[in-house]
Structure formats: structure tokens, C-alpha cells
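Q: Residue numbers (my numbering), protein chains in the order written: chain A, 1 to 349; chain B, 1 to 349; chain C, 1 to 349.
Think of the hints as simulated: they come from the structure by calculation, not from any bench.
Values in this document were obtained by computation on a predicted structure and should not be read as measured data.
Be careful, since some hints might not be right.
Because identical chains cannot be distinguished in the list, a pair is counted as satisfied if it fits within a single copy or across any two copies.
[To be verified] Below, a list of computed lysine to aspartate or glutamate pairs in the EDC-like style, where the Cα atoms sit at most 20 Å apart: (1) Lys149 with Glu17; (2) Lys3 with Glu297; (3) Lys114 with Glu11; (4) Lys149 with Asp16; (5) Lys3 with Asp206; (6) Lys163 with Asp16; (7) Lys114 with Glu152; (8) Lys3 with Asp198; (9) Lys3 with Glu203; (10) Lys3 with Glu294.
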Amino acid sequence: MDKTDAGRFFEDFRLDEIISHATPRTITAGDQALYTALYGSRFAVQSSDEFARAIGYPQAPVDDLLVFHIVFGKTVPDISLNAIANLGYADCRFLMPVYPGDTLTTRSDIIGLKENSNGRTGTVYVRSTGFNQRGDMVLSFVRWVMLRKLDEQAKAPESRVPKLPPSVAADVLGSACPVIRTAGWDSGLSGSRYRFGDYWPGERIDHVDGMTVEEAEHMLATRLYQNTARVHFNAMSETASRFGRRLAYGGHAMSLARALSFNGLANAFHIAAINGGRHVAPLFAGGTVFAWSEIVEKADLPGRSDVGALRIRTRASRDLSSTDYPTQDASADTPGIILDLDYWVLMPR
Amino acid sequence: MDKTDAGRFFEDFRLDEIISHATPRTITAGDQALYTALYGSRFAVQSSDEFARAIGYPQAPVDDLLVFHIVFGKTVPDISLNAIANLGYADCRFLMPVYPGDTLTTRSDIIGLKENSNGRTGTVYVRSTGFNQRGDMVLSFVRWVMLRKLDEQAKAPESRVPKLPPSVAADVLGSACPVIRTAGWDSGLSGSRYRFGDYWPGERIDHVDGMTVEEAEHMLATRLYQNTARVHFNAMSETASRFGRRLAYGGHAMSLARALSFNGLANAFHIAAINGGRHVAPLFAGGTVFAWSEIVEKADLPGRSDVGALRIRTRASRDLSSTDYPTQDASADTPGIILDLDYWVLMPR
Amino acid sequence: MDKTDAGRFFEDFRLDEIISHATPRTITAGDQALYTALYGSRFAVQSSDEFARAIGYPQAPVDDLLVFHIVFGKTVPDISLNAIANLGYADCRFLMPVYPGDTLTTRSDIIGLKENSNGRTGTVYVRSTGFNQRGDMVLSFVRWVMLRKLDEQAKAPESRVPKLPPSVAADVLGSACPVIRTAGWDSGLSGSRYRFGDYWPGERIDHVDGMTVEEAEHMLATRLYQNTARVHFNAMSETASRFGRRLAYGGHAMSLARALSFNGLANAFHIAAINGGRHVAPLFAGGTVFAWSEIVEKADLPGRSDVGALRIRTRASRDLSSTDYPTQDASADTPGIILDLDYWVLMPR
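Here chain A stands alone, though its shape is the one from the complex (with noise of 0.2 Å):
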């Protein structure tokens, strides 16, 4: 009776098993407070109570990528503590918002398998959901990651790879968002004029300023997210990994791209869905962090003239500038793209 829990291998997972994940947390104005630290966001619904309650808010929600990373670091212990390779997100929606006050659990469901050829490695398909304290889903989506077998002479299990969507529909957007009074909304505060109507697809916005990592704050929120995974924390045996040390949790980098992007997309309050997103290169400490986005497309929410929504795809890149819109990948010691995110923002009309 082996005490610690050594995370699961490839053929530990079974088709459609359900998972549910330790800890639950309740977050409070201490997480959002270090969340504000860690990456410098300035979007006003989440920094104001004022603000918020002005356009219909009851009070400042949560930072949506803030939920993100805590409902996604409860699944690293049960589902890719021993991951060769996050592969991919799709279809993540954020369907409730989250107080202050609020306490969430993680579920995970296996919804896909498939053993890779060499029979030594397969990716895992897992939807998680994030609940809160009433049982409210609050946020879900699917993650692919690649797993080692440990036991090689493990037999194959069946093969199911699910059919994602390309990106998520516009018209299940805006769950998580109250109708808007946007009569309240205040420019001036919330560090744009610019509205739904002012963005056109094909846009380009470069968010001009650099961000560097420094090792004590991708540990820093990495833990504050419960994340456990081994290669952000352990420089000792990272030392010795492929890329000879500690990677950044790959979703520091997507915070940081957020926080940065409020420099031309200010009013893109709230993330409403991730339609898919890639980290194409690791971000290591002493990397200096831009980023650059595109508006893919606009959309309408049926039934609401509040907000509207864009579909952005936003590229965060590591030691390059991002004045050219730069589309080529880093590698370990090149500088160059490290996060290409496809997402849904809301904005006032």
C-alpha cells in the first residue's frame, strides 16, 4: 500500500470514467490580488466593484483566466503529472461567473483514447468542469495530452477520439455574462472608447509592451493555483530534462498574453469561450513576454444587444517583439511565438 500518489500512466485511464479532483478551493480577494500582481491586468470589471455593479454586475467577478487555471490545476494531479505534452484545449466555455466567496470543485470525464503506434506513449481526451458550491457548472472544456505507458506489455485499450468542434458556437456565448447596462459603462475608466462596433476582422493590434518572467512567479502562481505539475518547481531534476530547466506553467504565458492585450482591446471584458489553443514553444524564466492579435471574426449574441462578441486569436511570443506580428514558433534557446490562443471575448456595443 503505496501512500503517494506517483500520477497515472497511459493505460491507468479508462473510456468514459469520471474523475473527481482534490482540493476544493474557495476563492477570495487574496487569489485576485495576487492574480493582479502576477500579471498587471488593468480590465475594469474585474478590478472595481464600482464598476461592475454600474453595468450590472452584483459585484467584481473573478478574473475569468484566474478560473481557469484553478479548475485546471486541480486535474494535474489525476491526469497529466506524468504528461510527455499538453497537446491542445478546445471547446472551453466559461458558463457562470465566479465571486469572491466562491468555492470550486473539478470533475473530469475521459472522453477519448488512443494509443500511439509505437506502443509506448497515447493521448488522453478529458473533459474537465469546473463546479461551484451550488453545483453550478461554472466552466468547461477539453484538453488533449500525451501519456507514457509504464507498463509497455499494457494492452491497447479501445480507440475513441472525440470530435471536437473547430471552435465554439456564438450562439452558446454569454452565460457567464449579465445583460449589460451599457449606459453605465464609462470610457474614461475603463481605458477605451473602443466598442464592438469599432473592431473589423482581419484587424491587427499589436500590444506593444514586454513582460520578463522571473522563476519566483511562475512558482508563485503556479502554486496558487495548486498546480503540481513537477517540471514548473523542481530545478534539480529539470537540470536534467531536455530543455535543462523549469518551465513556466503554460498558463502563466496566456495570462500574461491577456493582461497585455488590454493595451488595444481594453474593453474586452470578459472571456466568454477558448475555441483552442496551442503552446507551441515552452517559456522559461528570463523570457520577455509580448504579444499581438488578430480579430478573427464578430458575432452576435441572439437575443442580447448589450455585447457583442470577437473572435480573437491573440500570439504571445518570447524575446521578439511583437511590431512585425511575428507567426514563427521558439524553439529551447530561439526567441518567437510560445502561445497561439483562439478565443471569444465580450464587448460593450
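Please arrange chains B and C on chain A, whose structure you already have, making use of the hints.
A: Structure of chains B and C alone, referenced to chain A:
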């Protein structure tokens, strides 16, 4: 229509212009906890609801300099993003206590402009005022910054240099401090038996301790304040700068000096005003900050027998112990004074 | 009249002297969030109000070691600022749960003094007790520290070495733990199905994971605890010290070991007492901390069928994986054990 805000240049300011800054901010116990973790401040009034109530506050107020940094931070994107130098502060008055749950906004008035004779730069004088959610002024201060012109052909504006008081008059101090029940002041808990009557003009106090600054710390602090000045965050661009590295936000040195000053000034529970301040040399990560103070003046507050005001000049040094009350400025590579701050504190009688 | 406190030396202590320490501290959700970010602790009771309520707490209590560090921190300026070494802990009992909003103060009693035969140093035995705002004792512990004499001619005090229990008796454990509704204990959420009955004396548990420490992290932690010991903060003076660099606060290693111990001891939800503890070697930034535990003893709690007590010895190592349950001490340059902690935890039956 470029949606990215590149910040203003000298020619973008108009005399008597009023600027409402983004982002409103609800200050929480999380912000105060981070402030404690960043500086190790030990003043009892801000640390303990019980202590604060025992002397007449409804609860522990937020640290004065945390209020300053948050009000200041909002002005950066509109005022000083392209600043060559922050030249000084004057007439900074704390007007109302701030408690967790209060929401702060900042407005700035352009009270002076003066183009330099080189035709390429100019000085902007700004009065910035922080308001709470009830519209009460909580803090007001003047600063002046040197900015370059983007268009060197732009016509020089009408010149006006505001007349600034060399110090805040003692008779306007104290509005952010409720009447203190001095009988409720527990000297064991506050950390010192020395009250207002125990200090005299000319007295010098070596605050003894040194605190080394890390990159992660000053960046966490500056993001907490939603201050976006690039020089603090972008190691890549700063490598090419005059100093070859990131600079810590000047306010970080102010808060370190204030926290260090507890040893010798433990009962100086409230900063009532800042008469003037200069960041006379840069602070970099790796530097160790020391501080020493001189009591400049003592003043009664009209109609108040509970507290008196000490005017203090605190110097912070970098990599130079304060044992000998050093006065020479630091340069980029040489230890010395980095901050020279002239301010009023209140002390119980 | 020197207003700067230089800390006490051996000859400044008197037997049976009582010292009331500054600074009272209201613990908030912000402190708890920082604690999570610093260590990544995942115990469900401290992480979730809902989980805590389901088992009988009114809300999530503050992490036990956070309480310890805050109570301890207050003693540093008066007791150990000039300590040569923290020699040990004994008879540390957690007496009352602490919740966000509680205000802690600390009082110390000098229970023993013994000058060393060299005439230059001596050992001070101190019982420190933390109180909440109602005057309830929340924590009490003894520690002894070696201090040097400032005046070597000072007369040796009457010698008294207190008799300290080798361990806290099991029948006084549990007063900080309400009666637990074990039926409300959700093993999926808590992270382990192993309860009190599943552990046995002699059992060893490798906690597997390693956590590398950064300067910014241990300094943020130590300042959060308002602990002013210079060796943690002043890189300039510490360069000239025996170790040539800053030391992490010993309690930082305790909290890292406790957080790592979740993997194997997830249901050990409450530290009821610390029987003894030694920081057998220093922890520096850059070091990677591992931990392993041995179950020393099991005990029933008189009159309680909800929880049982496990006496655990946890060793933390530096730069040495715990796979082989190492026991040798680290030196400044060699990997090995840094912490040897003997404590009682409560587990649901």
C-alpha cells in the same frame, strides 16, 4: 485608427486639461497582505483591526503608501509612459482614510507646461487626485515629469510653471486621521514607547536594517499598483537602455524606506503629507536598501490634542549602510542615496 | 536616547520576565492566499470553506503553520534578532482554530537562562504564546536560542534549564479541532482514501516532489510573517557571513515540507502539536527541498471517536531526493537533511 495606446508626448498635453484615468480599483485585504509581504511593514494601526479600533478607527486603514501607489499607478499610462524622468513631487496630502472595500479612481489636472530650450523636451506639471467610491478626495499630489516631443516641430505651448509650496502647511494636516484615543494606544503592541514629545528637530535616526530587492518583488509590487511603466518590466528593451537593466519603480524604494523606518519611528502611524520627494538615483534588483531619518520640524495640529506632526526627511540608500547618515547620491554603479523624501507623519502625544 | 532597537543580547534577559511583542496582526484571506502561493498547500480543510463546513468547522481555518509563523515572527525583534542559532523547539501546541478576521498577538515568558562556559554566549529558553482578540490562547511553544553577550563582563544570571517534555502528551491534543463529522469527509475532494486506521508505526512515506526556493519567495514569506531577522533579507551583510549569502527562514522549510507531505498524508488535516524540531542545516535560495516522513506513533484522543493522532517525524532535505529516506545532515555546500520535525497530526477515522 490605432487602438494601441503608445502614451502621450509633451505636445499632447494642454494647460488646464483634465484627464480621467483608467482603471478603477477596489482595494481589498488581499492588496494589504501583498503590501505586507513586499515590505514587511509593521505599523500596528495598519496591521490590526483591533489596534485600530482601540484608538478610534472603525477598522485598520490601508497603508498610506499603498493608497499612494495605486492612485499614482493609474496616472502612468496617460502621463508618464514616455517620461524621461520623474523630476519631483510636491504638496502631497492624504485627505481621507482608505479601508478595504473602498474603490479608488484618479483624475489629473495639467497645471503647468514648459518646453525646454532644446525644443525637444518639456516638463509637464500634473496634479493627480484620488477619489473613493463616494467621490471623496483621498489623496492629492503634484508631480512633474520630463517628456520628449514626438514631433519636434510641434509648437511650444504657453509656458506656465505652477507655484508649489515648499512644504504642506501643518494646519491642513490630519484630515485622513480620525481623533485618536491616546489612552487606547498600547506601546507594547505598537513597538515603541516614544511618542510625539520624545522627538526633537535635528534628531537623526539610523533605521539600521538593510533589505535586498529582487526583480520578482519590484515587478509584483508595480503590477499590483497597475503601474505600466515599461522600464520596470521589460528586461529585453532595458538591456539596451542607459542602465542596461530594469529599474525598480521609485515608489518601491519609498515603501521600503517607510517599512525600515519602523525601527526608530514605530509610532509614526500615519503619513499625513509628502512635502517633496526625489528619486535621486535608480534602484536595481540586487541592491540592498537602507534608510535614515532626520526630524526636521515639529508642529501642533490646530484643535487637536491627540496627535502631533513630525516633519521628517528620510533618505534611502543603495548598497550603503546608513550608519554614518550618508548624503551623497548613488550613480548607476556606485552605492549612495537613492531617495530623498520630506514628509509629515502623525504621532500620538 | 537611541530610538533604534538593536535587539537584545544575552545579558538583557531576566528569568520569569514577560515580554509583550509588537505588532498585532489581523489575519485575512489575503494572508492565506499568499500562503497558498508560497507553498502550494492543498489540504482541503484550509482550502475550502465548503469542505470545512461539511465536517464541522464554521469556515476554513487558517493554515496551522501560517499561525505559527505569524506568532513566531512577532518574537524575533525582542528575542532572536541577535541569535547565533535557533537551537530547538518543544511543547508546541495548537490550542484554538484561527479564522480570517482574527487578530493575533504574542507574549513571551523567559523560562530559562544558562550562560555558556565560554562566558561570551548563553542560551535563552522562551515560552511564546499567541492570543486571539478575545484573549484565547491559540498557540504556545517553547524555543531556545543561543545569544551572545554584548558586554562580556556582564555577570552570569542564575542558571535555570527548564524541563521540557520530549513530546506533547496525546491526551492534551485536539483542542484546536472541533468535533469532525467524519461522514462529511469526502475522500475524493480531500485527495486520499487513507484515514487514521490505514497508517502504522514505522511506516515510511516518500513525499516524492521537489520544490526549488527563490530569494524573492522566502523573503516575501518572512516579511508576510513580519519576521525581521536580518540574515534573511540583507544580501550585502550576509555576503560577509559564514555562509556568504542570505538564509531562508527556518519556518519556510517547515511549510515546504508540510505542503510536500500532502502527497502521502492528504488527510492529515491539522497539526495538533510539534513535539520538537531542529533546523539541522541551512536552506538557501537555489536549493531544492524534498521531504519524507515516518509514522512514529499512533494515539487515540480521549473521548473522541472522530479523529486519531499520528505522531510523525518529517525530514526535509536540500538538493537530495527523498527516495532513499536520507538521514545525513546537509552542510553549507553538501546536500542532505535540513529539517527534522517531530509532530502530531490529526486524521479522520
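Q: A separate judgement is required for each hint: does it hold in the structure or not?
A: Verification of the supplied hints:
| no. | hint | in the structure |
| --- | --- | --- |
| 1 | Lys149 with Glu17 | within (18 Å within a copy, 64 Å between copies) |
| 2 | Lys3 with Glu297 | between (50 Å within a copy, 17 Å between copies) |
| 3 | Lys114 with Glu11 | within (10 Å within a copy, 62 Å between copies) |
| 4 | Lys149 with Asp16 | within (19 Å within a copy, 64 Å between copies) |
| 5 | Lys3 with Asp206 | between (50 Å within a copy, 9 Å between copies) |
| 6 | Lys163 with Asp16 | within (15 Å within a copy, 61 Å between copies) |
| 7 | Lys114 with Glu152 | within (14 Å within a copy, 64 Å between copies) |
| 8 | Lys3 with Asp198 | between (57 Å within a copy, 9 Å between copies) |
| 9 | Lys3 with Glu203 | between (54 Å within a copy, 10 Å between copies) |
| 10 | Lys3 with Glu294 | between (49 Å within a copy, 12 Å between copies) |
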